[in-house]
Structures are given as structure tokens and as C-alpha cells.
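Taking the hints into account, I'd like the entire structure generated from these sequences.
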Amino acid sequence: MKSSRASATHSGAVLAWQIAVGALAIAAWQTLVTLGVLDAFFVSRPSDIARRLSTWVASGTLWGHLATTLEESLLGLTAGAALGISLGFGFARSPMVARVFDPYIKMLNAVPRVVLAPLFLLWFGLGIWSKVALAVTLVFFVMFFNTYQGVRDADKVLIDNVRMLGASERQLVRHVLIPSALTWIFSSLQTSLGFAMVGAVVGEYLGATRGLGYVIAQAEGTFDTTGVFAGMTVLGVVVVIVSAGVSKLEQWLLRWKA
Amino acid sequence: MTALELESVSRQFVTPDGGSYRALDNVSLAIPAGAFVAIVGPSGCGKSTLLNIAAGLVAPSSGSVRVDGDALSGLNRRATYMFQQDALLPWKNVRENVALGLVLAGVAIADANARANEWLARVGLSAFAAHYPSQLSGGMRKRVTMAQNWILDRGMLLMDEPFSALDVHTRQRMETELLNLWEAADVAARRAPRKTVVFVTHDLEEAIALADEVVVLSAGPASHVVARHPVALDRPRDLFELRTSAAFIDLYRLLWAVLRDEVIKSQRDA
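If you read the protein sequences in the order shown, they are chains A and B.
Numbering-wise (our numbering), the first sequence opens with residue 1 and increments by one.
Numbering-wise (our numbering), the second sequence opens with residue 1 and increments by one.
A couple of the hints might just be wrong.
Going by beta-carbon spacing under 8 Å, a handful of chain B positions derived as facing chain A [to be verified]: (1) Ala-55; (2) Leu-57; (3) Ser-61; (4) Val-65; (5) Gln-85; (6) Ala-87; (7) Pro-90; (8) Trp-91; (9) Leu-100; (10) Leu-104; (11) Ala-105; (12) Phe-128; (13) Ala-130; (14) Tyr-132.
Computed beta-carbon distance windows for the label pairs [what the hints assert, rightly or not]: (15) B:Arg-77 x A:Lys-156: 19 to 25 Å; (16) A:Gly-90 x B:Ala-71: 34 to 40 Å; (17) A:Gln-149 x B:Ala-110: 46 to 52 Å; (18) A:Gln-149 x B:Ala-105: 28 to 34 Å; (19) A:Leu-253 x B:Ser-73: 37 to 43 Å; (20) B:Gly-44 x A:Arg-174: 17 to 23 Å; (21) B:Ser-126 x A:Lys-156: 29 to 35 Å; (22) A:Ser-86 x B:Arg-78: 36 to 42 Å; (23) A:Lys-257 x B:Gly-44: 30 to 36 Å.
Derived PhoX-like pairs: lysine-lysine, alpha-carbon spacing no greater than 25 Å straight-line [stated by the list, open to error]: (24) A:Lys-257 x A:Lys-156; (25) B:Lys-92 x A:Lys-156; (26) B:Lys-265 x A:Lys-257; (27) A:Lys-248 x B:Lys-92.
Treat the hints as calculated values from the structure; they're not laboratory data.
By construction, the Cβ of each residue, glycine as well, lies at the ideal position given by its N, Cα and C atoms.
Shown next, in the form of C-alpha cells:
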């Protein structure tokens, strides 16, 4: 009890400091631009960015772009997870296949995704699917490696115990191997989600008609630094909110951990 | 009737450097149904291998294993196994862990849970049904494991140093609870026969305190049975008093004389 109260006041202090650090940075930025130390043409200024954001919110243009980016990220995350988990599971259960494909998996994972983006634009067009594909290539490997490791790492004693208690192969998979892999998969949700958004935004940045990446790219094309920073701000805020949600989800899913 | 019979069982393992290691050499052992037999020996003497062979988790390199007279192939479905390490599923709560064996056997969840609740009451953990293993003490986890094993009501219980990780007082308490469960079997209304228990330990005191018979294995490699001795102490036993009784001490002296030589041998080689 004592420790939980202590950590509660502690997290309160952390939040206060976080706000203080942010406020200080913004104030310094604004002041330096106002004093002429920094040129607003290159770095914009916080008040302009805030004004731009409120225009976007008021006109409603923000929501469409945001929805597109989130949709692509979510589709990418889902498809990447489905592919990565099922292949990771299959590889872990058949060592021969795993050994044959090992160098190919490593080669594919080493390809920089920016190189793939133009190809995907060519194959899947300017719409959301080229971005989803890019997100998938990022999410897939995180999920694949974690699933593979999770299944391979399943505790031998747990497996023996469950088998002694009468489990069939299928029950073994269901009661031990899948939960064991899920532990690893849930722990990598943050990374996967971040990667999914990176994939979506990079895809939009290189060629799209909608989405936050598109907004940033447009602003950069006209040297509109305020627009670039406003787009980055939205992205940052969304990531913070989403990862707070994922943290809560992860805590709940892994609630059995001490 | 003989519950477990090992006949000339040997087991070799391939070592990482490509050689071979003979863990067990020509072990023959017959354990009568309903008996509590303790197997003691120095560390690394193949006690766990012997138990794993009885469980069907490891196949003997030569020799045969019979359970209730039938040749054992694959896993021993007439036994449950209490491991030295924690073997509860960390992602299932206490009730789900206890009910696991029944669920695996296809018992409806509601029935399985009801019977798990009875068992949790018997081991005094009703209040912890919804806790996860990580939230329990070592002693509580052992009691959950006992309930998980006992709920299946199989005739044989194989135990591999199940209490060795516990502190000395918790350990005595667990030993008492184990004997209570085991001795209660023919007192209870069901009048079911007692389980056959094969209890592996390196602790001679624990072996004598619990068992009807103590089997001493030689130091490895190529462990074999060097002595078997009945433990003629009355039941029910009071484990808190037993260890200072004259009969206990005499038995201890007698068996330690055999085990001591094996321990010295094992330490010389190590």
C-alpha cells in the first residue's frame, strides 16, 4: 500500500515535470523567434503553429487526413500482425522450414523501406493500399520475430506438465504455446504500432492525396514551415495518445505478470 | 499388486561434445500399488531421469517399464508429475490452473470449476482462486500444484524434489499437507485406494520422514540401486516430532552410512 501511494505521488511529480519541460521549450522557442535570434521562416513559431492547428480543426480539414493515416496504420498493423504471427508460428513449429528460409527473411528485413515505397506506389496506386503495404513490411518482421521467439522460448517444464496433465498436441498449442507467444507479441505492440504509423506517413509523404504525410509534404513543397511543424505536432500528439492506450491494453492483457 | 516396475532400465544421453553419458545402468525396481517410495541419491545421480522414464517423458535406452502390469509406451497416463520448478501456467489464475487437467479431459468448464473450488478449499486457498501464480508465495504455489495434480485422481504421483526450493519451515508444512492428502485417501468417504507415490529427493531426512521405503541410488554416471530399506514408522506421522524420535534417528544412521559413500564419490568426481 505504502509503495503504491509513493508511486502515485511520484507519477504526479513526473507529470508536473513533463508539462514544465514542454512549456519551457515552447516558451524558449517563441522568445528566441520574437527576439530575432531564430528566423521564423526556417523554424516558424509556436503561436503561428497553434493558430494553424486551430484553423485546421475549425475548418475540419484535419480530421479527414488524420482518419486516413489512422486507417492505413490500423490496416497495416492488422495485416502485418496476421501474417507475422501465422508465419512465425509455422516456422517455430517446423525447424526445417525455418532453417531453409532464414537467410531470405534476413535479406528481406534488411531492405530499407523507403526504397520499397516507389515500388508499392507503382503496384498499388496512390490510394491507401500502397501505404498499408509499406506499414505491413515494417510490422510483419516485428511480429514474426517475436512470435517465433515466443513459441521457441515456451518453458519446457510448462510443456511437460501440461502434457502429463493430459494435453493433446492441439491443446498444448492452445494452452501453452499461443499464450507464451502472445506474451512476446503484446510486449511488442508499442513498437509495432509505431512502425505501422511510420509506414503510413512515409508512404503518404512520397505520394498520396490524403493523410498527414501528404499534408507535411505539401507544406514543405511551398516552404510553409508552419504547416510542416503543425503536421508534426498532430502526429506527435496522436502517437502519445495511442501509445498510452496501448500501454493500458498491454497492462490488461499481461495482468498475470507480477 | 505392482504399480510401477522397471526392469534392467538403462539410459544414455549424447553429450554436447558428441560423447555419451550413461545416466542409469541396469536399474530394476518394483513399487507396490499404494506405497510411498522415496528415491535418494547424490546430485546428478540420475534420480530425475528415473522419474522421467516412469513418466514416459524420457524413453529408456534399454530395459522395460510396466505400469499396473502393462508395458509403458508414450506418456504415463496413469500418473501425474510434480516438478521441481514451478509448472503452473502463469497466464491462468489459480482456479483455472487447478481445473486444467479436467478441462483438458473435456469436462465442462462449470463442472471443472466446481471441482477446482472443492480442491482449493481442501488446500486452504479458496480466497486466492482468482489470483495469478505470480501473486502467490512459493508455498501457496506448491499447494496449487498439489491440487492440480490431485484433482485428476490418477493412481500414481511422481514427485521430483517438489519442495526443494522452499525454506525449511514452509517445506515441513508442505510435507505435512502432502501426507495428509495422501493418508486421507482411504479415510474419506470415497474409500479410494492410496496413490502410489514416487518421491525423488537428495534429502535423506525428507525421504525417511515421508516414505514407506527408501531406495538409495549410487553416484553417477551409471547409477544403480545400492540399497532399499523399509521405513517402519507408524502413520499418521507427526513430522514436527518425528525427526527427533529414536526410531527415526536409527534409520537415518543406517541409511546415511550407505548414502554417505555415494555423496563422497559424487563430490570427488565433481
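To see whether the hints hold, each was checked on the structure:
Hint on B:Ala-55 holds. Least Cβ distance to chain A is approximately 6 Å, under the 8 Å limit. The restraint placing B:Leu-57 at the interface with chain A holds, with a minimum CB-CB distance near 6 Å, inside the 8 Å limit. The criterion of a C-beta within 8 Å of any C-beta in chain A is not met by B:Ser-61, whose closest approach is roughly 20 Å, and the hint is violated. Interface restraint check for B:Val-65: the shortest CB-CB distance to chain A comes to about 15 Å, outside 8 Å, so the restraint is violated.
Given the 8 Å rule on beta carbons, the hint for B:Gln-85 holds: about 5 Å separates it from the nearest Cβ of chain A. With 8 Å as the threshold, the beta carbon of B:Ala-87 comes within range of chain A, its nearest partner Cβ sitting at about 4 Å, so the hint holds. The beta carbon of B:Pro-90 comes within 6 Å of a beta carbon in chain A, closer than 8 Å, and the hint placing it at the interface holds. At a threshold of 8 Å, the smallest CB-CB gap from B:Trp-91 to chain A is about 5 Å, leaving the interface hint in force.
Taken as an interface hint, B:Leu-100 checks out: its beta carbon lies about 6 Å from the nearest beta carbon of chain A, inside 8 Å. For B:Leu-104, the interface hint holds, since its Cβ comes within 8 Å of a Cβ in chain A; the closest pair sits about 5 Å apart. A cut of 8 Å between beta carbons decides the hint on B:Ala-105: the least distance to chain A is about 6 Å, and the hint holds. Here the hint on B:Phe-128 is broken, as its CB sits about 13 Å from the closest CB of chain A, past 8 Å.
For the restraint placing B:Ala-130 at the interface with chain A, the shortest Cβ-Cβ distance is roughly 11 Å, beyond the 8 Å limit, so the hint is violated. Here the hint on B:Tyr-132 is kept, as its CB sits about 4 Å from the closest CB of chain A, short of 8 Å. For the hinted restraint 19 to 25 Å between B:Arg-77 and A:Lys-156, the CB-CB distance of approximately 20 Å keeps it satisfied. A:Gly-90 and B:Ala-71 have their C-beta atoms about 36 Å apart, which keeps the hinted 34 to 40 Å range intact.
In this structure the supplied range 46 to 52 Å is violated for A:Gln-149 paired with B:Ala-110, their Cβ-Cβ distance being about 36 Å. Between A:Gln-149 and B:Ala-105, the C-beta spacing of about 31 Å keeps the proposed range 28 to 34 Å intact. Between A:Leu-253 and B:Ser-73 the Cβ separation comes to about 40 Å, which falls inside the hinted range of 37 to 43 Å. Hint check: B:Gly-44 to A:Arg-174, Cβ distance near 36 Å, so the stated range 17 to 23 Å is violated.
In this structure the hint that B:Ser-126 and A:Lys-156 lie 29 to 35 Å apart at CB holds, the actual value being about 31 Å. In this structure the hint that A:Ser-86 and B:Arg-78 lie 36 to 42 Å apart at CB holds, the actual value being about 37 Å. At about 33 Å, the beta-carbon gap between A:Lys-257 and B:Gly-44 stays in the expected band of 30 to 36 Å. This hinted pair checks out: A:Lys-257 and A:Lys-156 have alpha carbons roughly 19 Å apart, not beyond 25 Å.
For the hint pairing B:Lys-92 with A:Lys-156, the CA-to-CA distance comes to about 17 Å; that is within 25 Å, so the pair holds. Proximity of B:Lys-265 to A:Lys-257 is assessed by CA-CA distance (about 43 Å); at most 25 Å being required, the pair is judged violated. Restraint check for A:Lys-248 and B:Lys-92: the C-alpha separation of about 20 Å stays at or below 25 Å, so the hint holds.
Consistency note: the structure conflicts with the earlier hints numbered 3, 4, 12, 13, 17, 20, 26.
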